[in-house]
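Below, each chain spelled out in residue letters.
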Amino acid sequence: MERSRMKRFLFLSVPIVTGFLSAAAGPPQDWASLREASRNIRSVKGEFLQRRYLQILKEPLLSEGRFFFSTSGSLRWEYLRPLRSVMLQKGDSLQLYHFSEGVWKPEMTQAVESRRMVLAEISQWFQGRFDESKAFTHLYSPGPPARVILTPKEGINRFIHRIEIVLSARPGVIDRVEIEEPGGSRTSIEFRNMEINSSLPSEIFEKP
Amino acid sequence: MIRRKGLDICLLGFLALSVGCIPMAETTLSPGSPDDLPACYAIFPAGPWESVYKIEAIMAGGVSSSLLGVTRGEPSERSLHSLLLTPEGFILFDAELREGRIAVQKAVTPFDSPAFARGLMEDVTLLFLPPPGRPKTWGKEADGTRVCRWESPDGFRTEVRGSTDHGWRILRRDDRGEVTREVSLNGPFAQGLPFHLELRASKPASYRLRMTLLQPAP
Numbered sequence: 001m002e003r004s005r006m007k008r009f010l011f012l013s014v015p016i017v018t019g020f021l022s023a024a025a026g027p028p029q030d031w032a033s034l035r036e037a038s039r040n041i042r043s044v045k046g047e048f049l050q051r052r053y054l055q056i057l058k059e060p061l062l063s064e065g066r067f068f069f070s071t072s073g074s075l076r077w078e079y080l081r082p083l084r085s086v087m088l089q090k091g092d093s094l095q096l097y098h099f100s101e102g103v104w105k106p107e108m109t110q111a112v113e114s115r116r117m118v119l120a121e122i123s124q125w126f127q128g129r130f131d132e133s134k135a136f137t138h139l140y141s142p143g144p145p146a147r148v149i150l151t152p153k154e155g156i157n158r159f160i161h162r163i164e165i166v167l168s169a170r171p172g173v174i175d176r177v178e179i180e181e182p183g184g185s186r187t188s189i190e191f192r193n194m195e196i197n198s199s200l201p202s203e204i205f206e207k208p
Numbered sequence: 209m210i211r212r213k214g215l216d217i218c219l220l221g222f223l224a225l226s227v228g229c230i231p232m233a234e235t236t237l238s239p240g241s242p243d244d245l246p247a248c249y250a251i252f253p254a255g256p257w258e259s260v261y262k263i264e265a266i267m268a269g270g271v272s273s274s275l276l277g278v279t280r281g282e283p284s285e286r287s288l289h290s291l292l293l294t295p296e297g298f299i300l301f302d303a304e305l306r307e308g309r310i311a312v313q314k315a316v317t318p319f320d321s322p323a324f325a326r327g328l329m330e331d332v333t334l335l336f337l338p339p340p341g342r343p344k345t346w347g348k349e350a351d352g353t354r355v356c357r358w359e360s361p362d363g364f365r366t367e368v369r370g371s372t373d374h375g376w377r378i379l380r381r382d383d384r385g386e387v388t389r390e391v392s393l394n395g396p397f398a399q400g401l402p403f404h405l406e407l408r409a410s411k412p413a414s415y416r417l418r419m420t421l422l423q424p425a426p
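One line per chain: the protein sequences are A and B, in this order. Using my numbering, read the first sequence as starting at 1 and increasing by one per residue. Using my numbering, read the second sequence as starting at 209 and increasing by one per residue.
Heads up, a few of these hints could be off.
Claimed, not checked - Capping the alpha-carbon separation at 25 angstroms, the derived lysine to any residue pairs in SDA-like fashion look like this:
1. A:K207 x A:Q95
2. B:K314 x A:Q55
3. A:K105 x B:S284
4. A:K58 x B:R286
Hints were generated in silico from the structure; no laboratory data involved.
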């Protein structure tokens, strides 16, 4: 149970957190500078294109989505295509929906607690406390392009082989995140149209 | 043991919907000729293929879940490799069927019971592989509906029925003749795969799967 939770945690948290991380700061000199930069962040929003490479498929699975984050403790992580689904967190409340037959339907899922844990971790990391991670060691490569490489520690490496965050030349923005899994499957997430400190209506985090 | 069996059925029934058993009697056919036999296999992909389907699983009380189903098939070997993923791409279940045996590569709770693996792979087999061997009977009903019926040694029967104009269905009956699975296939077909599929299961658990083809490949 713990193992599956951790896997879900990693899969969900890495792209979200790295998106915030890149939006919050320029090319990271160290984790302390990231923490410093995050102090001025009130909100982040952006879009993403996700490519899921599976060994049994010749072509990757493509997904597109968007996310909204507020430092008040709210997150909306939404897939627009091919499955429209959304994860809404506001405070301790977490709601999951999928869109079907023209309406949003509550999602029957076993992963609610796992996702809650993910979001709690994200909130912690968003405060710039990346260097407190017990799951990864980290390395900054100045490039170009600049990269942050996360290497899982013992235990986590059964599920994640390596994470690479490729930073854009534009300060504070990343081009993509690559998540490699043991066995050859991997996920690539490209972030785009990132905006910092936009005004986000609270209902974004309340209604699908 | 009883408790475990009950749990397995519950897990298999994560998609449970009360549709009940479907009492449909087998009809009389005007026998077909050997030349009609290829039509019995026409709704199944003929060569190696892979697919990605969007799946809406509908359970008791109308509760539903949205998933991605990825499958690769090799009809000549009667082998299948299937994955279930969340919309985020997290793998919930990964198993292969080869030479009649199921090898589970990955399964997370509550998809990690043998009953779930068996049930899921049986469903995927029903959807994408023709029953083994030659149909026991085939022909047409009075209204022109084409029908092919296979019978397995355990007394279970599979029926493929329909027409190009009115769509196709696959019925699976148990040894008492009750329909335990009903599949509707609606085109267009891409690489031998239907764009829309709907599977209704009634035994041992009841559930419904609505599937839409996202990504076919030869």
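For each hint, the structure was consulted:
Taking the CA atoms of K207 of chain A and Q95 of chain A, the gap is near 9 angstroms; set against the 25 angstroms cutoff, the hint holds. Proximity of K314 of chain B to Q55 of chain A is assessed by CA-CA distance (about 14 angstroms); at most 25 angstroms being required, the pair is judged to hold. With a CA separation close to 40 angstroms, the supplied pair K105 of chain A and S284 of chain B exceeds the 25 angstroms bound. Distance restraint check for K58 of chain A and R286 of chain B: the Cα-Cα separation of roughly 20 angstroms lies within the 25 angstroms cut-off, and the hinted pair is therefore satisfied.
In terms of the numbered hints stated before, the structure departs from hint 3 and from no other.
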